[in-house]
Structure formats: structure tokens, C-alpha cells
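K.L.:
As a plain string of letters, each chain reads:
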Amino acid sequence: MATSSEAIGVLGIPAEEALRPRRHWTRSALRMARQNPLGTFGLAIIIFLAVVAVFAPVIAPYDVGEYTAGQPREDMSWAHPFGTDDIGRDMFSRVVFGARISMGVAFLSVLAGTAIALVLGITSGYVGGALDNFMQRTVDTVLAFPQLLFLLILATILGPSFQTVVFAIAIGIVAPVTRIIRGAVLSERNNQYVEAARALGATTPRILFIHIAPNVVALAIIIATTLLGLAILAEASLSFLGLGIPVPNPSWGTDINRARNALPFHLPWVFFPGLAITLTVLAFNLLGDTLRDLLDPRLRGRL
Amino acid sequence: MRAYIIRRLISGVVILFILSIVTFLLLRVVAGDSADLLCGLACDEEGIEQFREKLGLNDPYFPISLTGEPPFVEFSRDNQYTTWIKDLLTGNLGSAAINQKPLIDTMQQRLPVTVELLIITVIFTVAVGVPFGVISALYRNSFSDYIVRVTAVLGLALPSFWVATLVIYFPSQWWSYSPPFGGMISFVDDPWGNLRQFVPPAAVLALASAAGIMRLTRSSLLEVMRTDYIRTARSKGLQDRTVISRHALKNSMIPVITVLGLQVAGLLGGSVIIEFIFGLPGIGLLLYESLLRRDYQVVQSMTLYIGAAVILMNLLVDISYAWLDPRIRYS
Amino acid sequence: MDKTSYWDRFRRQRITRRRMLAATGVGAAGLLIAAACDDDEGGDGEPSDGTSVPSGTPQPGGRYKWSTSVISDATFGLDPHLAIAAGLEYFARTYNVLINRSAVDDTTIVYDLAESYEVISEDETSPQTYNFTIRPGVKIPPNNLDVPERDMDAEDAVATFERIKAQPLANACQFVCQYFASHAATSPSLYTVTTTKPYAWFEFNIGRAISTIPPREFLESAKLTSASVGGGPYSIADGAFVDGERVALEKNPVYWDTGKPYMDGYDVIIIPDRPGLRASFISEQSYQYGAASEAEVAELIGDHDVYKASDEPSYTFIGFAMNVLRPPWDDPRIRKAAMHAINRQDYIDRVYGGAAQANGIVHWPVTGALDPAELEELQGYNPQMSKDLIREVTGQDSIDITVMFPTSPIQEHELHLPIFIDQMTQAGFNVNQVPLDLGGWLTAYRAKDYDASLSLNQIYETAEIPLDFQHSKGPAGSEIYAGGLQDPEIDAAIDATKSITNFDERVEAVKAVQRQIYEAGPAFLPFVSPLSRTIYWNYVKDVPIGLGSTGLFLVKNVWLDL
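Residue numbers (this note's numbering), protein chains in the order written: chain U, 1 to 303; chain C, 1 to 331; chain X, 1 to 562.
Just so you know, these hints were derived from the structure itself, not from any lab.
Keep in mind that a hint or two might mislead.
So the derived list for chain X, only partly shown, Cβ under 7 angstroms to chain U, looks like this [claimed, not checked]:
{"id": "1", "residue": "Arg278"}
{"id": "2", "residue": "Pro418"}
{"id": "3", "residue": "Asp422"}
The model shown is predicted, which means the values in this text are computed figures rather than measured ones.
Cβ atoms here follow ideal geometry from the backbone N, Cα and C, with glycine treated the same way.
Whole structure, please, built from the sequences with the hints as guidance.
P.N.:
Following this line, the structure appears as C-alpha cells:
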């Protein structure tokens with residue numbers, strides 16, 4: 001389920017993540033940057049895009065809805081570095097503003113989804129027993145439910161909007177991540193050092209927060225980084241299904257879908273929103289890989 | 001092991017039962033009345049009412065319903081839920097909303113499309129993902145390793161609907177070529193036509209999954225190579241090639257096969273978009289069409305089938321896991 | 001590829017049509033036909049009909065390939081009376097209508113199941129009686145659908161219109177239920193309808209693709225939704241229609257118009273996605289393609305041996321509906337402010353690449369549409385006037401409005417919406433956008449549960465429904481989805497136009513009521529109507545042009561010069 005980049009698969013979690021054990025983090029960021037050019041590259045892109053998103057109104061020469069910015073289907077020029085779309089809007093401005101929406105969707109949905117999954121997963125894994133059983137069967141049911149259907153129902157109830165997309169992607173994240181976190185908690189709980197701590201009379205909150213949480217949170221951070229990329233793809237796929245950010249908002253996913261239907265291809269228009277998506281997902285993936293190596297001592301120094 | 005499988009199957013049935021009720025209620029209570037959309041723009045209240053009657057939407061939901069007055073419970077033979085489940089279990093596999101066409105007819109046409117698409121996709125995924133993953137692991141930190149890894153990350157980063165559109169657009173632009181459209185061409189009748197139809201979409205669909213398998217193969221092989229028994233085998237003087245092919249590769253495939261199994265369930269979802277773009281009338285397209293039409297009778301039945309497929313696939317993965325790795329025992 | 005204007009070719013097609021009638025030895029009867037034969041009798045007589053390429057001698061045979069994105073109605077399949085829009089192309093090919101009269105011209109009539117008809121009316125306000133003489137020898141071909149091989153007769157017409165009457169969901173029910181007082185098969189060769197009152201668009205409505213006449217035995221059949229057989233040029237055999245995949249039409253070997261249709265059959269395939277449709281056209285898996293934009297038309301004509309059918313009006317438009325029962329739209333000044341905020345030229349240039357025309361209340365090119373100069377005067381783009389009107393009402397520079405719209409996958413909406421919002425904003429409206437999925441939008445629209453809304457892209461070929469958008473009963477005649485102006489005087493004026501059977505008088509009345517509506521501040525504003533952008537491979541010959549649905553009944557003339 002995991003690595004397919006479809007609307008449905010997008011919301012799945014890379015199953016490979018589940019198979020890796022977690023360890024303490026000790027390495028300094030600076031050294032990591034020197035030794036992990038790819039990860040640093042990813043981080044640089046993300047920071048760059050974050051800056052673009054925050055300062056979009058300053059950077060963009062035109063308003064996103066300004067259809068009189070140019071003639072329809074203009075090529076790249078100094079006035080319109082990314083050309084114009086089929087009614088004359090400036091694509092550079094739309095891609096710049098699109099960073100806000102796409103990054104916003106990604107961060108909000110992943111933050112919310114992972115946070116909820118963290119709470120549920122730790123509870124389920126640590127408390128165990130009937131509660132665990134109940135929660136895991138619930139997760140089973142949700143995982144067996146076709147995500148496309150789920151998203152469509154959500155869009156029907158809430159109406160297509162920014163909030164709907166965030167909510168839909170976040171919900172899609174919860175079940176699989178809960179499962180992974182629970183697995184991690186279980187393996188930590190059975191570790192000898194936790195048993196030792198319990199034998200020494202440590203309280204449940206103490207064991208949870210001091211011994212288990214740091215490792216599990218590290219795992220959650222790794223997962224979340226990769227999920228950010230997947231969330232951006234999910235947003236694009238949702239637009240494809242007509243459930244994404246509604247027009248005329250400038251999301252990359254919505255624009256790329258408009259571009260692929262407005263035939264014949266107007267190449268700059270086709271290229272730049274796609275490049276933005278690909279680059280961002282690439283950046284998150286590279287950063288996620290690097291973080292995983294950093295937080296996983298068994299692979300330390302091997303990448 | 002047998003007890004474990006039986007237990008899993010029973011829990012699978014329970015999950016499907018819950019799924020059926022949740023789907024049933026979600027579609028009715030939350031997603032709105034399908035009579036609304038089916039009836040069309042010019043439909044007034046009377047028309048919608050007629051539709052509801054025809055679709056059986058005026059019947060009670062469940063065999064037992066609560067009422068506001070004594071005896072507070074009402075039993076009804078004609079209720080939507082049992083009607084649906086009966087329809088599901090009587091060989092019709094459910095039916096479409098208003099024309100009551102048995103779903104089994106549609107499934108007979110549509111299922112082979114999706115099955116072939118998935119099989120070719122899995123073949124591509126393994127044929128590309130595993131060898132390159134092994135190369136990448138064996139020549140760790142070499143130039144080819146970097147190339148393979150960056151390609152893999154790129155494969156994960158490209159939106160597949162986007163790649164699929166380009167795969168349709170550019171060949172038609174350059175060579176006036178496009179894959180054959182208009183229903184599945186049977187492999188038996190016309191193998192070449194069939195492959196022209198299925199290879200491009202399968203390649204696009206395999207892009208992301210192959211990238212995932214490649215990355216997993218690499219890390220899994222690296223991990224196995226560090227284990228004590230491989231070190232022992234090496235220190236005994238066995239050739240690297242023997243160690244890798246006899247021992248390391250086999251063990252490193254355990255997580256790969258697991259993930260592959262999970263991927264198939266996800267590919268079912270991914271095939272919706274690919275089938276749409278390549279005009280392949282499979283079950284993904286059927287689900288999408290039915291959703292747009294709000295043919296909830298088809299949607300709810302399809303939900304159960306896909307749910308059952310996912311549950312079965314998970315069970316197979318777990319069983320194969322135990323089979324591959326003798327250390328794992330289910331009790 | 002020549003740029004003969006639509007109306008030139010329209011006239012030429014009419015002549016050809018009359019030749020066809022002469023060739024089959026059909027005498028014209030009835031008042032309207034007599035009138036029609038008077039003008040252009042000595043026309044140029046050019047044999048070229050339909051297409052812009054010189055046709056040559058038709059070569060019978062071959063199968064026509066055609067890819068399309070929708071094949072059938074979700075709910076009703078191929079049911080000729082219940083299915084919506086998508087199926088219409090098939091019904092006109094497989095069944096008959098009595099006659100078909102063009103929406104744009106009362107004198108253009110295609111005779112099908114009826115070889116002639118006459119209208120009997122005592123005076124201008126009393127009910128009319130239509131006598132249709134059924135053509136002998138309209139045969140039903142051999143089939144696997146258990147329909148006897150016999151000649152179609154008047155009983156089939158009776159069965160069809162009885163069925164439509166009994167089905168409130170039938171597309172033609174509004175017409176049949178409202179205007180049929182009685183109808184009967186006086187003899188197997190004479191079908192008689194008496195109307196409740198004079199109705200201007202009777203001949204148009206009785207000949208639409210939503211009122212086709214299947215054999216009466218077949219109306220009872222369960223196969224009605226998945227196959228079709230009748231007296232039309234083609235039939236769809238049992239099993240030839242696969243929902244969501246393809247449909248195959250086979251030639252009727254005993255079709256009444258001997259020698260036609262030229263094509264042996266049609267192979268229609270479904271491709272849901274637009275790039276796929278385009279690729280199927282370029283790779284010649286389809287002989288025709290509805291281009292996405294003018295840019296695409298130019299590109300394909302430049303690169304391939306293809307041509308665009310003609311600059312044919314498509315009768316479609318997206319409009320802006322205001323609910324006069326809710327503030328601020330109850331104030332005519334605000335409605336007029338919205339009217340002057342719309343710059344139609346921008347839609348024409350940017351959405352349609354210049355290939356469109358501005359609409360008034362009755363949209364171009366429907367008969368009775370006001371001419372461009374007058375429209376400019378009545379509803380012209382004038383944001384300053386909008387602002388002045390808003391200031392007059394609110395005392396402020398701007399006003400908040402809420403507009404809902406469907407986030408349908410229809411590309412046109414996505415193009416209209418940004419322009420609409422930007423223009424409204426420029427004119428002093430702060431638009432609160434409410435995007436809804438198609439189902440949710442439909443529910444709200446139907447229940448009139450909205451302040452203002454963009455409409456769907458719909459086709460109306462006569463002035464009737466566009467005017468009904470301003471009528472209290474709305475375009476469906478049942479008080480759903482648009483409440484019009486809620487003005488009894490305007491309602492009466494609109495109703496009056498429907499009984500005027502004289503063409504010229506009707507056109508004048510339609511124009512007059514539009515002026516009245518402009519005075520009151522219209523509650524529904526159509527934007528622009530585009531030209532059709534269908535292109536064909538060059539070897540496709542004699543494609544009929546639309547003529548407001550009439551073209552559908554002339555596809556039997558199509559042939560391939562391969």
C-alpha cells in the first residue's frame with residue numbers, strides 16, 4: 001500500500017518504516033549536513049519554499065486571480081517567467097502562492113494526523129488488553145475501507161475546501177501511523193531496560209515519558225517527514241478526482257490538473273507546477289531518508 | 001498455525017460485518033440521498049419521491065428499528081440492510097441501483113482488467129525494484145548507488161497521474177500513436193494488442209512501487225549483511241557471491257515480500273486513476289463511476305469486496321512471513 | 001477547411017434537404033410547408049451539403065469510429081424517454097420522430113416517420129389539431145430483441161406519447177403532459193394530436209431526440225435500457241452496449257430511405273479522460289473529436305489532415321442566477337449592478353479564444369435573441385454604473401454577496417469562475433465563494449436554497465426555456481431551481497409568447513418581453529455561447545450541421561472517402 005503515490009496509496013505509510021527499529025539520537029546537525037549532501041539539499045529546498053510561502057505577496061508580481069495579467073497561453077518572458085495560463089493569469093505568481101496552499105495542506109494534515117496517531121498508538125500499545133484489541137480492530141476496519149470512498153464522502157459532507165483536504169489527508173494518516181506507533185511501543189515496552197525501570201518501581205507516566213516516548217517520537221518524526229511529501233502528492237491526486245482545493249485557488253495540484261486538461265499542452269504551464277510538486281516531494285523524501293539514517297544508529301555512517 | 005488462520009478469518013468476517021454497517025450508514029445518513037442526483041436537474045419533489053420508492057430508500061434501514069412510542073422496537077422484513085446482504089450472498093454479488101443489473105455481470109467484465117493490470121505492475125515492480133536494490137546495496141556509496149537512489153526518490157516524487165498523462169500525450173504528438181482504447185483486448189485473441197494496452201499503464205503504476213521496493217531491498221540487504229551469520233559465513237571463506245545468493249538475498253527478501261503484499265492492496269486504489277486516464281474499464285473505474293453517479297448499491301458492495309481483498313492480502317502476507325522466516329511463530 | 005459561414009451552409013443544407021424530399025417523391029402538405037417552398041425555390045442548387053469539403057459521390061460501407069467521454073445515462077441506460085443528454089445521439093440514430101423542425105427556423109423540417117402533416121386550427125387562440133400522415137414502409141429490421149419485423153404505424157406514436165405522459169421523469173413530459181389534450185391513431189397511417197392551446201414550439205418539441213418513437217412492443221421490453229431497434233437508420237443489438245466501455249450500432253438493412261445510411265455501422269468507445277480522447281483522435285481510433293480550445297483546433301488543423309466542421313453555434317452557456325426572494329437580490333438595482341459588472345468580451349476572448357458570442361436574456365443564436373448593438377445598450381459592461389448602483393442602495397462602495405457553484409469536472413466552470421469573481425470584485429461586489437460538489441450543489445439549486453449561483457452548462461435551442469428562467473415557475477415549469485423575477489406581469493408576457501404560432505410575430509414578442517425584463521432587472525444572466533469545436537478527419541464526408549437538433553436526424557448522410 002505504501003509507496004504508491006496515488007490518492008489512495010499516498011495516504012498509506014511506507015511500510016518499510018515500520019520495520020526499522022529506533023534508537024537515541026546523538027549526532028550533531030552540522031556534521032550530518034556535511035556528510036549528507038542529499039539531505040541538506042532537501043532541507044535547503046524546504047526552507048526556500050517555506051520562505052517563498054511566507055513572503056508570497058511580496059515575491060509574486062501579480063495577484064493570483066488577476067486574469068488580465070497577460071494574454072492567454074503566453075510563453076516564458078521577463079514579465080511572466082513561467083508564462084501564463086489559458087485565461088491569462090501569471091503562472092509565476094500562482095506557483096508562488098501555490099506554495100502556501102500546498103505546504104499548508106501538507107504541514108497541517110501531517111501534524112494533525114501524526115499527533116492523533118501518536119496519542120492513539122501509545123495508548124493502544126502501552127495499555128494493551130481489551131482497549132488495545134478494540135483499537136486495533138477499529139484500525140483494521142478503517143484500513144479495509146477504500147480511501148477514495150472515504151474522501152468522497154468527506155468532500156460531500158464538508159464541501160470541497162482547504163479544510164476538507166487537510167481533514168481528509170489527516171484522517172487517512174491516522175490509522176496506518178497508529179499501527180506503526182503501537183508496534184514501536186510494544187517493542188520498546190518489552191525491552192529489558194523498560195522492564196528494569198518497572199522493577200525499580202518507576203511510575204507508568206515516568207516510563208512512558210522518559211523511556212518510551214523519546215524513541216517513539218523520533219520514529220514519528222521520520223514518518224512525518226516522508227508523509228509531508230506524500231501529503232503534497234495526495235493533495236494533487238485529490239484535485240485530479242475533483243475533490244481538491246476548489247478553483248480559483250492557486251494550489252499546485254489544481255493547477256497541474258487544469259494544465260493537463262487544457263489541450264494542447266502549454267509547456268511552461270504544464271512544467272512549472274509539476275516541477276514544484278516533484279521538487280518538494282523529492283526534498284521531503286531526501287530529508288526523511290537522512291533523518292532516518294541519523295536516528296537509526298545501525299545505519300550510522302553508512303550513507 | 002491452523003488455529004491462527006481460523007482466528008484471523010473469523011476476525012476478518014467480523015471486520016467485514018462492521019465495515020458493511022459503517023459503509024451502509026455513511027452512504028445513507030452522511031453522504032446524502034442518491035435519489036437527488038440520479039433524478040437529475042429537472043426533478044421536483046414528486047419525482048425524487050418516486051425515485052426513493054423505486055430504489056427502496058423509503059424502507060427502514062435495519063430489521064430492527066427504534067421508535068418513539070411503545071413498544072419502542074419495530075421489526076421489519078423489508079429493510080434496506082438485509083435486502084442488500086441477501087442480494088450480496090445470492091450469487092448476484094449485489095446489483096446496480098435502478099436498473100437492478102446484477103453486479104456479477106459487471107464484475108466478470110471488469111475484474112480481469114484490474115487483475116491483469118496488477119499482475120503486470122507487480123512483475124515490473126519486482127523486475128526493476130529488486131535487482132537495482134541489490135546493485136545499490138552491493139556497490140554501496142558508489143556512483144551507481146547514487147544514481148539508483150536518486151532515481152528511486154524521484155520515482156516516489158512524480159505524481160503518477162501526471163506521468164500517465166504525458167505517456168498518453170507525447171506519443172500521440174510525435175508518432176500519432178496511442179494505446180488501443182475501448183474495452184479490454186483479450187490476451188488470447190490478440191496478445192500484441194493486449195500488451196500495448198496494459199504495459200504502459202502498468203509501467204506508470206509500477207513507478208512508485210518499484211522505487212519503494214528498490215529502497216527496501218537495499219536497506220534490507222545491507223542489514224542482513226551485517227548480521228552475525230553472514231559474517232560467519234564470510235569468515236569461513238565462502239565466496240561473496242555464494243554468501244549473497246545463498247543466504248543474504250533470501251533473508252533480505254522477507255520484508256520485501258511483506259511490503260509487496262501490502263502494496264498490492266494499495267495498487268487497487270492507485271488503479272482508479274490509471275484506469276481513468278488509460279480508459280481501461282476495470283473495477284477501479286467502476287468504483288469511481290459509481291461514486292460520481294452515487295450508485296450507492298454498487299459502491300457499498302464494491303467497498304466490501306475491496307475490504308475483503310485487503311484483509312485476505314494481509315493474512316497471506318502474515319502467513320508468508322511465518323513461512324519465510326522460521327523464527328516467527330503465530331500462536 | 002474553408003471558412004464558409006455557418007448560415008451559408010445552413011441555407012445550402014436546407015436546399016439539399018428539399019431535394020431529398022423531392023427524390024423520395026414526398027409531397028409537402030400543410031401551411032408551413034407551403035410557405036417554406038415559396039422562398040429560395042430557385043436556390044443556387046449546389047450539390048455540396050453538410051461539409052465544407054466537396055463531397056463527391058457517396059461511397060457506402062465502412063464503419064465509423066467515434067470516441068466519447070460519456071456513453072449513457074447512469075440511471076436509465078439507453079431508455080429513449082428517460083435518459084438524459086448523453087444518449088440523445090443514439091436515439092436519433094436508432095428510432096424515428098414524426099418530423100423534426102429546426103429550432104432556429106420554422107421552415108426547416110425533416111420528415112421521418114410522418115411523410116407529411118397538416119395543422120387545423122379555428123383561430124389563433126383555440127386548440128390546434130395536428131394530423132400526421134405516417135410514411136408507409138418504415139420497416140423494423142431483423143433483430144434478436146423479439147420485436148416483430150413489421151412497418152411502424154400510428155399506434156407506435158400513440159404508445160410512445162402515452163408512455164411519456166405516464167412518466168413524470170420523462171424528459172418530454174413537460175411538453176406532452178402540458179400540451180397534449182388528446183391523441184389517437186385514427187388509422188394505422190394517420191396519427192392525430194389535439195393540443196390544449198396553441199403552442200409555438202409544438203413541431204420543434206415533437207421532433208426532439210427525447211421524443212423518439214420505438215416500436216410499441218419494444219417499449220414493454222426489459223431490453224429498452226440496453227439495446228434499441230426501430231425504424232431508424234441503425235440499431236443496437238442485444239449485447240452490443242457495454243456500459244462504460246463501448247456500443248456498436250449496426251445498419252438497418254431495410255431502412256425506408258433506400259440506399260442510406262451509407263455507413264455500415266458505428267463503433268463508439270468510451271474514454272473518460274480528455275488527453276485520451278485527443279490521443280484516440282490523432283491515432284485515428286476516432287474520426288471526430290470535440291477540441292478543448294480554439295488553440296487546439298488551430299494546432300490540429302495545422303498538423304494533421306483534419307478539418308473543423310463549421311463555426312456552428314452550440315446553444316450552450318453558463319449563466320449567473322440570482323434568487324430574488326433573498327436580499328440583496330430582491331433589489332432590482334443590485335441585479336442591474338451585477339448585470340453591468342459582467343464583461344462578456346473577456347469570456348469570449350479568454351475562455352473561447354474569440355469563438356463565441358455575447359448572450360442576452362435569450363442567448364445567441366436562438367431566434368428572438370436581441371442584436372448585439374441593442375444588447376450593448378441594455379446590459380453593456382459598465383463597472384462604474386455598477387458601483388453607482390451599489391452606492392445608491394447601500395451607501396457604501398461595495399456589497400457582500402454569496403455565490404455558490406458546482407466544483408464539477410466541467411472545464412468551462414473552472415475557466416469562467418476566476419473571470420467572474422474578478423469582474424464582480426472590480427465592480428464592487430465582495431464575493432463569498434461557496435464551492436459545492438455536484439450532488440450538493442444540485443440539491444441546493446433544485447430547492448432554490450441559494451442567494452446566487454453559477455448555473456450548469458446547458459443546451460437550450462429555443463427561446464422558451466431561457467425566458468422561463470425569468471418566470472416564477474422556473475425553467476422546469478415546476479417552481480424548481482430558479483424563481484425568476486416573481487413578477488406576474490412578466491410571467492404573463494412570457495406565457496403569451498408561447499402561443500404565438502406565427503414566426504415573425506413570435507420573434508417580435510420574444511424581443512419585447514426581453515426588453516421588459518431588462519427594465520425589471522433580470523434574475524438570470526447568460527454569459528456567452530461558444531461555437532462548436534468538433535473536428536473531423538478529412539475523409540469524413542457530409543457531416544450534417546446542427547441546425548438546432550435537426551442535424552441529428554441527417555447523420556445517415558455521413559460517408560467515408562477512404
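K.L.:
Hints first: check each against the structure and report whether it holds.
P.N.:
To see whether the hints hold, each was checked on the structure:
1. Arg278: 6 angstroms, holds
2. Pro418: 4 angstroms, holds
3. Asp422: 5 angstroms, holds
Taken one by one, the earlier hints all hold for this structure without exception.
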